[in-house]
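Engineer: Same order as they appear, the protein sequences are chains A and B. Sequential numbering of the first sequence, starting at 1, is according to my numbering. Sequential numbering of the second sequence, starting at 271, is according to my numbering.
Simulated from the structure, these hints should not be mistaken for lab results. Heads up, some of the hints might be wrong.
Said to hold, decoys possible - Taking lysine to any residue and the SDA-like style, the derived pairs with C-alpha atoms no more than 25 Å apart in a straight line are:
| id | chain 1 | residue 1 | chain 2 | residue 2 |
| --- | --- | --- | --- | --- |
| 1 | A | 110 | B | 612 |
| 2 | B | 678 | A | 25 |
| 3 | A | 86 | A | 25 |
| 4 | A | 255 | A | 110 |
| 5 | A | 110 | B | 644 |
Just so you know, these numbers come straight off a predicted model, no measurement behind them.
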Amino acid sequence: MRGRRGERRLPPLFVMPHLVVENLTKIYERGKIRALSNVNFSVEKGEFLVLIGLSGSGKSTLLRCINRLVEPTSGRIFLNGVELTKLSPRAMRKVRRRIGMVFQQFNLVKRATVLQNVLAGRLGYNPTLPTLFGRFPKEDVRRAQECLARVGLLDKVYVRADQLSGGQQQRVGIARALMQEPELLLADEPVSALDPATSHSVMQYIEQINKEDGVTVIASLHFLSLARRYGQRIIALKAGEKVFDGKPEEIDDRKFKEIYGEEAEEVEVR
Amino acid sequence: MKLLRPRLLSFAADLFLWAYLLYSGFTLYYLEALWSPWRPEEKLVWPALSPWGWAVVVVGMVEAVLLTRSFGPSLGQRVLGVHLVGEGGRRPTFAQRLAYFGFSHLEILVLGAGVWLNPQNPWHERWAGLRLEPLPPLGSEARRPPWYRTAYGLTALLLIAATLAVGWRLTEVDLQKLVRFAPKSLRIWRGLTNPSFEYLFRPDPRIKLSFLDGLVQSLYMALLATVAGIVVAFPLSFAGARNIAARSPFGWLLYSLTRGFFNVFRAVESVFWASIFAIWVGFGPFAGSMALFIHTIAALGKLFSEQVEHIDPGPVEALTATGANLLQILRYAVVPQVIPQFLAFSLYRWDINLRMATVVALVGGGGIGQLLFEYKDDLQWNLVGGVIILFMVTVWIMDYVSGWVREKIV
Ligand SMILES: Nc1ncnc2c1ncn2[C@@H]1O[C@H](COP(=O)(O)OP(=O)(O)O)[C@@H](O)[C@H]1O
Ligand SMILES: [Mg+2]
Numbered sequence: 001m002r003g004r005r006g007e008r009r010l011p012p013l014f015v016m017p018h019l020v021v022e023n024l025t026k027i028y029e030r031g032k033i034r035a036l037s038n039v040n041f042s043v044e045k046g047e048f049l050v051l052i053g054l055s056g057s058g059k060s061t062l063l064r065c066i067n068r069l070v071e072p073t074s075g076r077i078f079l080n081g082v083e084l085t086k087l088s089p090r091a092m093r094k095v096r097r098r099i100g101m102v103f104q105q106f107n108l109v110k111r112a113t114v115l116q117n118v119l120a121g122r123l124g125y126n127p128t129l130p131t132l133f134g135r136f137p138k139e140d141v142r143r144a145q146e147c148l149a150r151v152g153l154l155d156k157v158y159v160r161a162d163q164l165s166g167g168q169q170q171r172v173g174i175a176r177a178l179m180q181e182p183e184l185l186l187a188d189e190p191v192s193a194l195d196p197a198t199s200h201s202v203m204q205y206i207e208q209i210n211k212e213d214g215v216t217v218i219a220s221l222h223f224l225s226l227a228r229r230y231g232q233r234i235i236a237l238k239a240g241e242k243v244f245d246g247k248p249e250e251i252d253d254r255k256f257k258e259i260y261g262e263e264a265e266e267v268e269v270r
Numbered sequence: 271m272k273l274l275r276p277r278l279l280s281f282a283a284d285l286f287l288w289a290y291l292l293y294s295g296f297t298l299y300y301l302e303a304l305w306s307p308w309r310p311e312e313k314l315v316w317p318a319l320s321p322w323g324w325a326v327v328v329v330g331m332v333e334a335v336l337l338t339r340s341f342g343p344s345l346g347q348r349v350l351g352v353h354l355v356g357e358g359g360r361r362p363t364f365a366q367r368l369a370y371f372g373f374s375h376l377e378i379l380v381l382g383a384g385v386w387l388n389p390q391n392p393w394h395e396r397w398a399g400l401r402l403e404p405l406p407p408l409g410s411e412a413r414r415p416p417w418y419r420t421a422y423g424l425t426a427l428l429l430i431a432a433t434l435a436v437g438w439r440l441t442e443v444d445l446q447k448l449v450r451f452a453p454k455s456l457r458i459w460r461g462l463t464n465p466s467f468e469y470l471f472r473p474d475p476r477i478k479l480s481f482l483d484g485l486v487q488s489l490y491m492a493l494l495a496t497v498a499g500i501v502v503a504f505p506l507s508f509a510g511a512r513n514i515a516a517r518s519p520f521g522w523l524l525y526s527l528t529r530g531f532f533n534v535f536r537a538v539e540s541v542f543w544a545s546i547f548a549i550w551v552g553f554g555p556f557a558g559s560m561a562l563f564i565h566t567i568a569a570l571g572k573l574f575s576e577q578v579e580h581i582d583p584g585p586v587e588a589l590t591a592t593g594a595n596l597l598q599i600l601r602y603a604v605v606p607q608v609i610p611q612f613l614a615f616s617l618y619r620w621d622i623n624l625r626m627a628t629v630v631a632l633v634g635g636g637g638i639g640q641l642l643f644e645y646k647d648d649l650q651w652n653l654v655g656g657v658i659i660l661f662m663v664t665v666w667i668m669d670y671v672s673g674w675v676r677e678k679i680v
């Protein structure tokens, strides 16, 4: 565990899991929507956890509460025993540097080059002034090329992001997250905007990061078949509540109907 | 759905509407029958009526409001998106509407107590077997009568007609004059079509300024004001963007102050600023530049911040997630998205400022406009023609160039 000034730590009485979510509740002020109610779970280091649930069940909200892009209404979240929900904005920024995030809509700056997009993953580690003038350490530029090589995009370094296909854009998103040297990777429906074949290729890059670098991954996925294929463990949300937590093979027909509703049919993504 | 607000607002709107219509009618009658230019009294007067006369007016107004509200959605009801329906969403019958009209009087007599006590379904509606409901969204209805067969359509027509008629009278539109006095302007047209470029290069000995000097002065006035305006408006535009600034109570304050500043300073025309600065720093191009500068900050600031508000929030979210700080997020997620529009607006603003630079000369802002207004006052129409043509050519070239540049960058 890394110690940093300004972070509150629990006494090392227990060895805590990598990530602990305790009684997490989120109520959106606008519309008084209860997006999450009393969600509890923990994730071990190096696990690949998949979140499933209908759209609107709270998957995005849960992922965003972990890095506090969305401020939880109540509950606690611990990463490496540090209570994230108590951190000051400044300390939280420091922690976010080690939490990568990949988005359904990729969230790249379309007019910027692939390299600029990937380098942006390094902003938190660099002093403000040089970065405002677009200057990054040589080391970071080298690292960016390494990351792009890992996702097979070394030939696209100077191409504008909007010139790339969806799958390529998502790989740039992954490279940006890799730049952060993350210990935890959050992926919010990373392949929902992609066709099935591309989906698998992108998921395989995420799986590779999980296997080779030992990065803990929490990914929300729309299709159960993808969840079964990549998840070591699955958590299902329904209307903001956790309705399942277990191994993929434990989801039988009855469980499936409970999560997705009576009318749903399981479809295969190949 | 809370119905108290639409009820009160639509009633107030209808009341206001009929008051406006009534007063417009009175004004038209007054201007037509009583007012004459030889008795230069005001055109908008308050009718002198006895207390009984006023009572009749008020009662008539309320009756008109109740009538339109009972028979078909009134304009107020239409604007606030509510209408009367019968049991099970059926169209109200004539008898029901008539009953509603009658019962509404009782409601008025008790000063709307029923609506206060039971805003969902007050007595006068229940007794008539009707209720007020939100209008179905456009297109979802099977058939909606054409606007000219509805109460609100006809009232709207009346409203527009009354407004235009009063406007016509108040601005003293007189097409006869345009024709009758046309020969008077002939001298001007003759001068303008025989432009004189006598002082194109040589300074006019009286004003001590040549056309080209004036033009170059105006061009640089516009340029400096635009550049300085951009430098100030650029950072302010982030403070004036709701999605960036208004995230905390302090941010809200900053956002509101910045937007308020933009709106107030934009509303005040450059000419007004020029007259202030002409007294402050003396007549001349500096005063003109300052006036353009102030107006540019506000105008560009508002356009810029609206642009910032329309960015794709995705990259901002993504960079927040990487642990970047606010300045870094602005630099890497916001600025790349808005830079082309910022440039386009800035070029466009230079265009506007060049035109403005001539106008501010009217109150001592210097530049080519100074020549224009001096010659006009001396009735030297040939020279005025020369200045205008030179200016037109310049603006035309700039328009063309900036249009071309804008096309390249957006
Ligand atoms: N910014 C927001 N403001 C208000 N309600 C929101 C906001 N974001 C999401 N919600 C609501 O919270 C619930 C959960 O949404 P979300 O977490 O996006 O679900 P999912 O990602 O599983 O589709 C939904 O009912 C959604 O409408
Ligand atoms: Mg979602």
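Engineer: Hint by hint, where does the structure go against what was stated? Just the numbers, ascending.
Structural biologist: Violated hints (numbers, rising): 2, 4 and 5; every other hint is consistent with the structure.
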